[in-house]
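Participant: Working from the sequences, and respecting the hints, build out all of it.
Chains as they are written, first to last, in the working numbering: chain A, 1 to 337; chain B, 338 to 721.
Simulated from the structure, these hints should not be mistaken for laboratory data.
Keep in mind it's a predicted model, so treat the numbers as computed, not measured.
Just so you know, even glycine gets a beta-carbon here, dropped at the ideal spot from N, CA and C.
Each hint should be verified, as a subset may be incorrect.
Residues from chain B that keep clear of chain A, each with C-beta distances beyond 12 Å, as calculated [claimed, not checked]: (1) 361; (2) 379; (3) 403; (4) 443; (5) 476; (6) 519; (7) 539; (8) 564; (9) 565; (10) 624; (11) 674; (12) 680; (13) 686; (14) 699.
Calculated pairs, DSS-like style, for lysine-lysine (alpha carbon to alpha carbon, straight line, at most 30 Å) [said to hold, decoys possible]: (15) B:583 to A:181; (16) A:239 to B:410; (17) A:220 to B:410; (18) A:167 to B:533.
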Amino acid sequence: MKRLLKLSAVAALATATLAMAGTLDDVKKAGVLKCGVNTGLPGFSEADSKGQWRGLDVDYCRALAAVVLGDASKVKYVPLNAKERFTALQSGEIDVLSRNTTDTETRDTSLGINFTGVMYYDGQGFMVPKALGVKSASELDGATVCIQAGTTTELNLADYFRSHHMKFKAITFDTNDQVTKAFEAGRCDVLTTDASGLYATRTKLKNPDKYVVLPEIISKEPLAPAVRQGDDQWFDIAKWTRNALLTAEEKGVTMANVDNAKAKSTDPEVRRLLSVEGKMCENVKLPKGCFYNAIKQVGNYGEIFERNVGAKTPLKIKRGLNALWTKGGIQYSPPFR
Amino acid sequence: MPAFLRNEKVRGILYQIITIVLFVAFLFYIAQNTAHNIEQRGIKTGFAFLHATAGFDITEAPIPFSPMDTHLKVFEVGLLNTLIVSFWGIVLSSLLGLLIGVWRLSPNWLINRIAAAYIETFRNIPVLLQILFWYNVVLATLPAARHSLNFFDTIFINNRGFFMPELVFGPGSWMIGAALFLAVVAIYFTHRWAKKRQEETGEQFPVFLTAFILLIGLPLLAYLVAGRPVTAVLPELHGFNFRGGKTYTPEFLALLFALSIYTATFIAEAIRSGIEAVPKGQKEAATSLGLSPMQQLRLVILPQAVRIAIPSIINQYLNLIKNSSLAAAIGYPELVTIFAGTSLNQTGQALEILLITMLTYLLISLIVSLILNWFNAKMKIKER
Numbered sequence: 001m002k003r004l005l006k007l008s009a010v011a012a013l014a015t016a017t018l019a020m021a022g023t024l025d026d027v028k029k030a031g032v033l034k035c036g037v038n039t040g041l042p043g044f045s046e047a048d049s050k051g052q053w054r055g056l057d058v059d060y061c062r063a064l065a066a067v068v069l070g071d072a073s074k075v076k077y078v079p080l081n082a083k084e085r086f087t088a089l090q091s092g093e094i095d096v097l098s099r100n101t102t103d104t105e106t107r108d109t110s111l112g113i114n115f116t117g118v119m120y121y122d123g124q125g126f127m128v129p130k131a132l133g134v135k136s137a138s139e140l141d142g143a144t145v146c147i148q149a150g151t152t153t154e155l156n157l158a159d160y161f162r163s164h165h166m167k168f169k170a171i172t173f174d175t176n177d178q179v180t181k182a183f184e185a186g187r188c189d190v191l192t193t194d195a196s197g198l199y200a201t202r203t204k205l206k207n208p209d210k211y212v213v214l215p216e217i218i219s220k221e222p223l224a225p226a227v228r229q230g231d232d233q234w235f236d237i238a239k240w241t242r243n244a245l246l247t248a249e250e251k252g253v254t255m256a257n258v259d260n261a262k263a264k265s266t267d268p269e270v271r272r273l274l275s276v277e278g279k280m281c282e283n284v285k286l287p288k289g290c291f292y293n294a295i296k297q298v299g300n301y302g303e304i305f306e307r308n309v310g311a312k313t314p315l316k317i318k319r320g321l322n323a324l325w326t327k328g329g330i331q332y333s334p335p336f337r
Numbered sequence: 338m339p340a341f342l343r344n345e346k347v348r349g350i351l352y353q354i355i356t357i358v359l360f361v362a363f364l365f366y367i368a369q370n371t372a373h374n375i376e377q378r379g380i381k382t383g384f385a386f387l388h389a390t391a392g393f394d395i396t397e398a399p400i401p402f403s404p405m406d407t408h409l410k411v412f413e414v415g416l417l418n419t420l421i422v423s424f425w426g427i428v429l430s431s432l433l434g435l436l437i438g439v440w441r442l443s444p445n446w447l448i449n450r451i452a453a454a455y456i457e458t459f460r461n462i463p464v465l466l467q468i469l470f471w472y473n474v475v476l477a478t479l480p481a482a483r484h485s486l487n488f489f490d491t492i493f494i495n496n497r498g499f500f501m502p503e504l505v506f507g508p509g510s511w512m513i514g515a516a517l518f519l520a521v522v523a524i525y526f527t528h529r530w531a532k533k534r535q536e537e538t539g540e541q542f543p544v545f546l547t548a549f550i551l552l553i554g555l556p557l558l559a560y561l562v563a564g565r566p567v568t569a570v571l572p573e574l575h576g577f578n579f580r581g582g583k584t585y586t587p588e589f590l591a592l593l594f595a596l597s598i599y600t601a602t603f604i605a606e607a608i609r610s611g612i613e614a615v616p617k618g619q620k621e622a623a624t625s626l627g628l629s630p631m632q633q634l635r636l637v638i639l640p641q642a643v644r645i646a647i648p649s650i651i652n653q654y655l656n657l658i659k660n661s662s663l664a665a666a667i668g669y670p671e672l673v674t675i676f677a678g679t680s681l682n683q684t685g686q687a688l689e690i691l692l693i694t695m696l697t698y699l700l701i702s703l704i705v706s707l708i709l710n711w712f713n714a715k716m717k718i719k720e721r
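Facilitator: Encoded structure:
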């Protein structure tokens with residue numbers, strides 16, 4: 001609450017010049033990218049035992065820092081809860097919000113922010129204790145549901161139960177950790193959030209095998225990073241950072257072979273992506289080789305996905321919708337041309 | 338220097354005018370700047386959102402609420418929940434505070450130490466931690482819904498809350514209310530009559546016992562005469578949860594306990610200092626009149642002690658109301674949790690919502706202190 005007040009006050013008092021000034025210049029001047037991330041969601045954004053931030057959302061921050069500053073480690077992570085995130089972006093406390101945030105019409109049009117491009121296609125699901133014997137979401141009439149405040153899931157939940165003529169009781173908490181604790185203590189029958197979040201949360205439970213994720217997906221949740229509205233240059237950089245990661249995967253350029261590709265590739269698009277040809281980086285006012293830095297230091301989209309949430313991680317999430325368009329998914333980047 | 342400026346009084350007024358003008362200009366500048374910035378960034382403004390559909394549900398609503406209702410209704414529900422928990426918090430903390438405050442001065446070593454330990458422990462732990470503590474204690478120690486603690490099939494306790502029978506007032510119930518009112522009036526006149534008689538003849542009348550009998554007896558009589566119009570709806574395990582009856586959720590109870598226990602320590606200290614501030618001669622005079630220790634406390638010491646303690650107790654009441662906003666930590670749906678929390682997030686209009694919320698707390702606090710100041714003025718020793 002105090003922090004929210006402070007952020008709002010900053011948002012209100014910041015001078016007009018701050019709003020319009022180039023975020024790019026600010027980041028370059030500071031030498032560090034301020035990135036708003038989740039306070040703790042395994043696979044997406046979590047500080048490990050050494051205090052290193054890891055996850056898919058975190059890797060986007062690192063890729064962006066590599067593109068802009070040439071160094072993926074120059075990121076200052078600002079952990080935010082769902083309620084604080086938009087105010088933090090509006091007030092300039094962070095340069096980019098990469099915090100499993102669903103792109104919606106209302107948020108895009110009325111919060112003064114712009115979503116750059118989907119990093120993860122998600123949908124809302126339910127998790128219940130196995131002992132409850134529930135097999136489908138349609139059996140949840142009268143259930144108590146634990147949920148995180150200030151999320152799209154809160155609204156989807158009400159919509160879903162209303163349209164299926166079922167009743168529920170919602171208990172809302174500020175952070176994902178509180179939701180998990182209350183669920184584990186048996187305060188509620190059901191935990192609901194984005195499906196990826198369910199798998200992530202399950203790894204945090206003491207006894208993950210005692211819980212099941214129900215088959216129903218009740219909403220579309222395209223999770224995308226966001227930047228402030230009115231700074232087109234910064235928006236372009238954030239957008240094409242994501243596109244570069246996708247294009248690299250599509251072209252088979254990885255962390256390991258990027259140097260080789262830069263030296264030997266004859267594919268014109270790869271040559272443009274890695275600044276061998278064309279002026280892709282200069283177009284967004286960045287030095288040559290900006291996207292090369294991201295791929296060299298962070299890897300392509302597929303590598304980021306597998307490293308954080310893929311089959312070899314505790315989350316074991318399949319690519320599904322997040323596979324490239326060439327492989328049956330819907331992840332797609334406009335061409336580097 | 339013009340002649341009028343040499344006048345000290347005129348100069349004084351002039352300085353004050355300049356200060357006010359500068360202050361107003363500063364406020365105006367901030368407001369202008371804010372409006373300008375918000376517009377620049379394409380952030381939606383205005384209060385139209387109050388009439389937009391909320392879209393989310395609130396579990397603990399004292400008035401009927403559905404996701405189809407507006408954010409204005411969310412505000413009302415939040416406000417009511419804040420007032421409910423504050424009201425019961427004030428009642429509980431006052432009773433507990435009075436008890437502990439008196440205990441603190443007890444000549445009995447054990448009672449005295451217990452009170453001291455209680456005060457020193459709970460006064461010195463941040464109330465937010467206490468809220469989280471009570472919440473986790475409630476959740477961790479109580480059984481799941483299907484293994485509830487069962488008291489005669491009427492009261493059930495589990496980690497979803499306390500489930501109690503709810504009274505349903507059928508036709509004819511007004512007679513009970515009327516009987517209750519009649520009892521109160523009768524007690525008032527009995528008390529007056531007894532006091533007068535005691536002053537005149539010195540004979541005492543058992544007012545307390547009479548009051549007790551009247552208060553219980555009259556409504557009971559009315560209940561029987563009216564043909565037992567009041568029935569109890571028992572909570573019943575149905576699917577996932579108990580239905581029917583009255584439910585107190587763990588969120589509400591944890592918040593209420595924590596606020597009451599925390600605030601009671603300050604009230605106890607206020608009472609103690611009030612009692613200690615009563616001149617020793619008063620107690621000695623009461624003793625020499627032959628009053629028992631209980632009578633001394635009730636008739637001589639406390640009325641004077643409370644008078645002294647009232648101003649600081651008012652502060653504690655206001656603190657309790659404001660502290661209830663910490664409920665956001667455990668999800669009790671009061672004003673800050675649902676209006677300055679969920680509504681703020683779904684609409685994104687932080688400035689407007691925070692402004693409304695702050696003004697609401699300000700208004701509640703002002704009203705409460707107005708009432709209590711009036712009470713204070715009435716209770717003060719009248720100097721004639």
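Participant: Now tell me if each hint is right for this structure.
Facilitator: Hint check results:
no.: 1; hint: 361; verdict: 18 Å, holds
no.: 2; hint: 379; verdict: 5 Å, violated
no.: 3; hint: 403; verdict: 8 Å, violated
no.: 4; hint: 443; verdict: 39 Å, holds
no.: 5; hint: 476; verdict: 4 Å, violated
no.: 6; hint: 519; verdict: 41 Å, holds
no.: 7; hint: 539; verdict: 60 Å, holds
no.: 8; hint: 564; verdict: 35 Å, holds
no.: 9; hint: 565; verdict: 32 Å, holds
no.: 10; hint: 624; verdict: 52 Å, holds
no.: 11; hint: 674; verdict: 7 Å, violated
no.: 12; hint: 680; verdict: 9 Å, violated
no.: 13; hint: 686; verdict: 8 Å, violated
no.: 14; hint: 699; verdict: 14 Å, holds
no.: 15; hint: B:583 to A:181; verdict: 26 Å, holds
no.: 16; hint: A:239 to B:410; verdict: 39 Å, violated
no.: 17; hint: A:220 to B:410; verdict: 28 Å, holds
no.: 18; hint: A:167 to B:533; verdict: 61 Å, violated
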